[in-house]
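> Go by the hints and put chain B onto chain A.
For the record, the sequence lines run as chains A and B. So for the first sequence, our numbering puts the first residue at 4; every next one is plus one. So for the second sequence, our numbering puts the first residue at 4; every next one is plus one.
For the record, the hints were derived by calculation from the structure and aren't laboratory data. A hint or two may mislead.
It does not matter which identical chain is used: a pair holds within one copy or between any two.
[Unchecked claim] Straight line, CA to CA, 35 Å or less: simulated DSBU-like cross-link-like pairs of lysine-lysine:
no., residue 1, residue 2
1, K105, K117
2, K216, K21
3, K174, K105
4, K174, K84
2 protein chains.
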Amino acid sequence: MNDLTQTPEMLIAMMGAKARRAAAEMALASSAQKGEALVAAARALRDATAKIILANRIDMERGAANGLSSAMLDRLRLDEKRVAAVADAVEQVASLEDPVGKLIDETVRPNGLKLSRVRVPLGVIGIIYESRPNVTADAAALGLGSGNAVILRGGSEAVESNRAIHAAMVKGITEAGLPADAVQFVPTTDRAVVGAMLRAVGLIDIIVPRGGKSLVARVQEEARVPVLAHLDGICHTYVHAAADPQMARDIVVNAKMRRTGICGAMETLLIDRAFPEREALVTALLDARCEVRGDEAVRKLDPRVEPAEDGDWDTEYLDSILSARVVDGLDEALAHIASHGSHHTDAIVTNDESVAEQFLARCDSAIVMWNASTQFADGGEFGLGAEIGISTGRMHARGPVALEGLTTYKWVVRGSGQTRV
Amino acid sequence: MNDLTQTPEMLIAMMGAKARRAAAEMALASSAQKGEALVAAARALRDATAKIILANRIDMERGAANGLSSAMLDRLRLDEKRVAAVADAVEQVASLEDPVGKLIDETVRPNGLKLSRVRVPLGVIGIIYESRPNVTADAAALGLGSGNAVILRGGSEAVESNRAIHAAMVKGITEAGLPADAVQFVPTTDRAVVGAMLRAVGLIDIIVPRGGKSLVARVQEEARVPVLAHLDGICHTYVHAAADPQMARDIVVNAKMRRTGICGAMETLLIDRAFPEREALVTALLDARCEVRGDEAVRKLDPRVEPAEDGDWDTEYLDSILSARVVDGLDEALAHIASHGSHHTDAIVTNDESVAEQFLARCDSAIVMWNASTQFADGGEFGLGAEIGISTGRMHARGPVALEGLTTYKWVVRGSGQTRV
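Bound-form chain A, shown alone:
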């Protein structure tokens, strides 16, 4: 790794080969051993708090000198409380159920062959992420907890913080007798390494991008390795004619305003023309300091509503802005979501169970909700303990992806000398 003449491809080939060997060991590690490693890693992180904060200070100073925005600097910043939270999150993964070795199903064939499908780790996971240094620990912990090897490629702004966190994770892993190469950190900030990772078919089994839209878009565009991600979270809430007005207001204001910057935040409100309290709904949002961009029918409800333009229906604001339109019934609501949604999370508010069940069946999104805020679209809220990301793809894993999503299965066949006729 000290050879500066090394190409990005050579670097990734070398790291990938090490990761593959480590993955083979990790696949055989017991749940207890993986748990031990996670607890040891959390301890090592706590022990290294001062070192990590010192490393982070270098990143912060360089970031400030390079003119990073205050929002970016805040994302980058680590203090004692944040390091403690990072360590707690790692330790928490140890308490999750280990998916590896789980029997999916089994059957005995008429010829006596015993077949079973057993969960096994995916193999080698590549994580490409931006400024938040906690991803180094989070992603490593989830990879470790599911018996995989991970290759971490963090943003250049956080390189010192990431290195310090990585060193602590590795200390914990090796203390528990697991291979150091199970968690590797790309030692260079050369951007060409990202391209090499994206093309590393056979070396890396899956790529998880964590960061802004431009990162995810580049990864989805260039990757030859399968990608687990979502590009957009254009989430809808459809307030049906038979919605409880108070519930509708509470859900809609929460779905939009609780945290506007998360992918599960509602971006478009669809109001049924037959819903009697349309006006109060829009007023509640405006009163909560949400900018509402509406179609003509919505604009009639409150003079503060701005006119929506065509692009608004396809925009993920991640801000206190909402697009809103009036629709004529369930079919029009579903058609709007099918045209403009991003297959992330969409919700209906109604007291009519049969309409709700139709919505849940017909809305083709990773997460469909009835009478709940789209802000619940989160691995933690779903009881998965943590998530590596939310997938809007249809293959492999959909919605919040946690430990199970980082596994695959193998077919195990036990015979007694059977030959095929």
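Coordinates of chain B only, in the frame set by chain A:
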């Protein structure tokens, strides 16, 4: 479709849009309706037997004129018996369990949210295949049975046969009240259409190539849409020291010689140096008219053994040829498989259960077997009824892929007005 100025991209965009609409309808079809459609399609195939054979005759004559090999002509040929078998296979899919709507798991969160994961169809499946016209019916039936829409792109050699089979399938589907566009056949043999399908992200959800290695390699190389396939089936059998000699001979001869042209056929035999009846094992293969290419140790067992060259260990012969080497124990056998295998199917023969379980855990293949012939690697033999293909990838579905592998899941969240804190 009659507009000859249409580009391949426009054609696939149009077919994809129709398929998407049909897929939305198919996703809501009941099991009974899908079953009815399959039974009706089988009936329509039987009723159209004469037409199909006539169409096939045109393909056969053109094929003969174009100098197709007798093996290829045989693959292409349809007679009454073969059409009946095609219809039976379609009907059989109706008897399989419908995976759509199946509950994977459910949980109630402390805040009262009810979460469930429910199986839903993948969406639109693109099938790219070569000369066997039965794939038209098989793939359509599996797509239909799992609630998907399919776009079929068959080889030019079989175009008339495929058209006739497709017409019968559509007749059955519409008789059952399902949309004709659920099974579409690409109406041109322009090869550029394959490229357009491979790049149709968002229009086609998954591509399944069915055919020879060069087709699969092209698809895997060019596709931007996820691909479900295997390139090679370099399957190993490791005969351990504690193998029953007679069982080892029976399994090994069957794994290699029962049908040499299938992907589950054994291509490499690994014989433990401590297995006493090494010689009889190799002799049995040679006596079964198998060419054996061995390392030095194997060559000493029988003078008829040819010397293996380096490339032999990475060759899928699909013929009565076998590479064979002597290994020193389980670790060396596993290391050989890790270096040269294709993650398809690998087997151990032994009476030592603890060694067998180590092999099953450590061998990183889609299918791992103990005391059975690798020729069992097949959806039908696994009780899946039929298979769309065998996947050696790690994502989504692994090994034989049948109805369940053509589905994904959605998260369904039922609340009573919950908002997130």
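> Confirm or reject each hint.
Going down the list of hints, with the structure as the test:
Proximity of K105 and K117 under a CA criterion of 35 Å is satisfied in both settings, with 16 Å inside one chain copy and 24 Å between copies. Both within a single protomer and between protomers do K216 and K21 lie at most 35 Å apart by alpha-carbon distance, with minima of 31 Å and 30 Å respectively. In the homo-oligomer, the alpha carbons of K174 and K105 lie at most 35 Å apart inside one protomer (29 Å), although the nearest pairing across protomers, at 44 Å, exceeds that limit. For the homomeric pair K174 and K84, the shortest alpha-carbon distance inside one copy (21 Å) is at most 35 Å, but the shortest distance between copies (67 Å) is not.
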